[in-house]
Each structure stands twice: as C-alpha cells, then as structure tokens.
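Peer 1: In this note's numbering, the protein residues as written are 1 to 61.
There may be inaccurate statements among the hints.
Stated by the list, open to error - Calculated lysine-lysine pairs in the DSSO-like style (CA-CA distance at most 30 angstroms, straight line): (1) K31 / K56; (2) K22 / K56; (3) K56 / K34; (4) K34 / K22.
Treat the hints as calculated values from the structure; they're not laboratory data.
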Amino acid sequence: MRSYSIDQWCEMHDLSRAFFYKLASQGEAPKIFKAGRCTRISEAANDAWVTGQEAKTARAT
C-alpha cells in the first residue's frame with residue numbers, strides 16, 4: 001500500500017502544512033493513519049479526497 005507523509009501530500013497538492021491542519025480542523029482533510037510515530041495518508045484516502053474536491057467544484061459551477 002502506497003502512502004504519503006503530510007509533507008509529501010502537501011507538496012503533491014501544492015498546499016502548505018498549515019493549510020493541511022486548517023483542513024483537518026474543519027474536517028476537510030483526507031483520512032490519516034498512524035504507522036508508529038509517523039502520520040500517513042494512504043493513496044486510497046488521497047484519491048477519495050481528490051474525488052470529493054472535484055465533486056464540490058462541480059456542484060459549485
């Protein structure tokens with residue numbers, strides 16, 4: 001299973017780490033899991049987040 005650190009995920013989406021935590025506080029960030037002391041985002045969670053963002057954009061237009 002491929003997964004990303006928060007920093008890797010933010011870099012992929014050209015978002016700041018602070019913005020990730022803002023999304024998380026609003027319940028809008030992708031689902032995370034812990035692997036030891038590391039916080040990770042699975043590829044499936046990333047894909048679900050992207051799909052959700054696309055759906056929000058489609059509804060807004």
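Peer 1: Report the numbers of all earlier hints that the structure fails to satisfy, in ascending order.
Peer 2: none
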